[in-house]
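These protein sequences, in sequence, are chains Z and G. As numbered in the numbering used here, residues 16 to 148 make up the first sequence, in order. As numbered in the numbering used here, residues 306 to 829 make up the second sequence, in order.
No lab work stands behind these hints: they were computed from the structure. Virtual Cβ for every residue (Gly too), placed ideally from N, Cα, C. Please note that a few of the clues may not be correct.
To be verified - Computed footprint of chain Z on chain G; a stretch qualifies when at least three of its residues, placed anywhere within it, have a C-beta under 8 Å from a C-beta of chain Z: (1) 415-428; (2) 483-493; (3) 820-829.
To be verified - In silico negatives: residues of chain G with every beta carbon more than 10 Å from chain Z: (4) I473; (5) P503; (6) R581; (7) N716; (8) R789; (9) E813.
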Amino acid sequence: MASLRHERRIAADADTVWGVVRRPESIPEWFPGIVSCTVEGNLRVITTAIGLEIPEEILCNDDTLRRFAYRITAPQYSFHLGVIDVISIAPNDSLCVYSTTALPDTLAILIAGGTLGALGEIQRLAETPRVTS
Amino acid sequence: MSRRILFITTDQQRYDTLAVNGGTLSRTPVLDRLAGEGIRYERCQPTSVVCMPSRSSMLTGQFPSTHGAWMNGVPLAIDAPSVAESLHDAGYATALIGKAHFEPFMDPFGLYAENALAGLGIPTIEQEWFDGRRGVHRGFDYLEFATHGVMGALHYAKWMNDEHPDAIRGFYQVVDRDFNVNAAGGGDSDAPQVKYNPVPREWYHTDWVADRTIRWLEQQALDRDWFCWMSFPDPHHPWDPPKSETGRVPWRDVPLPVNYPESARERESLLDRKSRHWRAWYDGRVVSNYEAPAKWVPATMTADQVREVNALNAVEVELIDEAIGRVLASIERRGWGDDVDVVFTSDHGELQGDFGLLFKGPYHVDALMRLPLIWRPARSTGPAPSVVHAPVSLVSLAATFLEIAGEPVPNWVEGTALPANDEDASRRGFDATFTEWDSSIFGVDVHVRTVVTDAHVLTEYQPGTMHDGSEGELYDLADDPLQRVNRFDDPATASIRATLSERLAAHEDRPGDRATPGVLMAPV
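Based on the sequences and whatever the hints tell you, model everything.
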């Protein structure tokens with residue numbers, strides 16, 4: 016079992032950062048290499064840029080904790096748990112933590128590699144001022 | 306019109322596999338002839354003993370601690386400098402055909418161009434360059450990729466899938482169900498990563514790389530300058546060459562390597578004189594490199610398995626030599642024969658049974674660090690054949706290519722152009738080379754720095770999960786060419802160790818800008 020973690024300090028309120036990730040169907044907007052997804056109840060199927068379809072089960076989507084947890088249910092994985100935590104540090108200052116635990120170990124490295132780019136996109140979206148009319 | 310450049314690399318080929326370097330298993334007449342006409346280097350070192358950092362050093366002319374791709378699975382930054390860009394700017398047609406591996410091969414999210422081009426059906430893409438401009442991918446305006454076997458999304462795999470799908474099952478399955486490098490045995494001796502492959506020779510990737518190179522060369526105008534990096538995936542494992550060719554080297558007749566003691570007790574005694582991670586790997590307690598099969602224990606390897614692996618390795622080396630011969634013949638037919646510089650080398654070596662080990666890892670001895678390197682300057686320059694004994698490094702290749710092309714060497718290049726002979730080497734201060742290792746995978750951290758001179762090898766292990774920063778190895782290349790006697794703690798060699806340690810410290814503190822170290826994105 017391999018467990019990896021990436022984190023990013025983001026110059027935005029925690030609620031703003033959480034607003035980027037809290038909708039399960041928003042993942043193609045902030046996870047590089049995920050080009051589309053479908054969501055039915057707590058089941059999500061993502062499609063990657065090379066055409067891989069990966070089924071997932073959403074385990075937790077908690078607005079109070081600002082925690083999103085899910086597991087990949089594809090048969091190649093004996094176990095997977097992905098957790099995104101958004102932690103408030105101060106106004107306009109947050110920490111976003113993306114954890115990956117998986118078996119086989121190799122798959123944990125591959126997924127965690129993708130989460131690093133996701134954190135970059137979450138930061139970009141959260142720090143980009145919204146245009147108001 | 307300038308001198309054209311054919312840069313030939315193999316993967317994981319050690320110095321002593323060429324006949325001209327004393328090898329006895331393979332016949333390599335083409336490379337032997339090139340060496341006789343040009344410059345043969347007796348002690349060429351890689352900057353790293355794994356693919357991605359070493360290949361990135363060839364492209365950038367920088368050490369891994371400068372270019373930032375510190376281990377397999379850590380991508381070279383897309384805006385890293387590239388000698389191919391400089392040559393492209395100088396008007397050269399630039400091609401890379403075969404194995405690249407500047408970007409991770411395992412890529413489920415399709416993040417890397419190397420894995421995307423075959424699917425897109427295009428020869429290159431535009432990317433941001435290190436100087437802010439946009440241009441063809443890493444400076445190459447033509448790219449056609451292959452790797453070991455037929456997995457993945459590269460051009461060779463796509464070609465095999467499209468043209469010869471029934472032949473795919475004949476290749477060794479490189480990774481297992483857990484996506485680890487496969488430990489499954491094959492062949493007659495049940496050796497890991499061995500299989501007798503029924504694929505016809507002309508469909509195997511060695512001939513495919515040569516065929517594609519010839520095709521690209523034939524597409525170039527006769528008066529065009531070009532830089533072509535022809536990169537063979539072999540003789541890196543898996544050892545699954547076409548079965549039709551394996552009779553060239555009957556494995557039962559292959560002698561055991563001089564550095565493979567048949568007695569387990571002697572092997573273990575040798576390993577116990579080295580840093581602790583040698584014996585730990587041998588016993589199956591630690592694997593610090595993804596490309597050593599996680600489920601394989603070196604102590605279980607038999608003498609027959611060493612023989613069979615080395616026989617198949619030798620077959621692959623012969624096929625490469627013959628493929629190079631075909632490409633050189635095509636260059637002659639085009640009338641370019643006198644105006645082409647040919648440079649041949651490999652990215653790192655292979656243990657091939659030395660000390661009872663196979664594959665590679667943080668083990669800085671000749672098996673992994675001493676490489677074949679041949680530079681046959683264009684015949685029109687009237688090259689004087691020579692043998693260079695001074696230590697040289699692959700970090701010098703980028704500067705060498707620019708010097709051949711008559712282009713200035715940018716200040717981001719750390720290496721200086723290869724010496725033409727020992728006098729030239731002495732005059733320009735070629736007296737030491739440096740090899741780096743940094744790995745952090747599956748909870749095992751290993752950090753190694755090595756300096757090699759014409760007389761000694763000093764390795765220092767920096768703090769990690771296996772070492773506390775006090776361990777090292779010191780070998781005397783004159784008295785102990787097989788690097789069996791570790792003199793790191795020998796009082797008689799204390800002053801040598803101190804002097805070489807200062808060289809390592811100076812390497813660590815060398816001036817120049819460093820890229821932010823990359824992040825491990827995949828195991829390989």
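Results for each hint:
no. : hint    : verdict
1   : 415-428 : holds (count 5)
2   : 483-493 : holds (count 3)
3   : 820-829 : holds (count 5)
4   : I473    : holds (18 Å)
5   : P503    : holds (28 Å)
6   : R581    : holds (23 Å)
7   : N716    : holds (30 Å)
8   : R789    : holds (34 Å)
9   : E813    : holds (27 Å)
The structure fails none of the hints (numbered hints given earlier).
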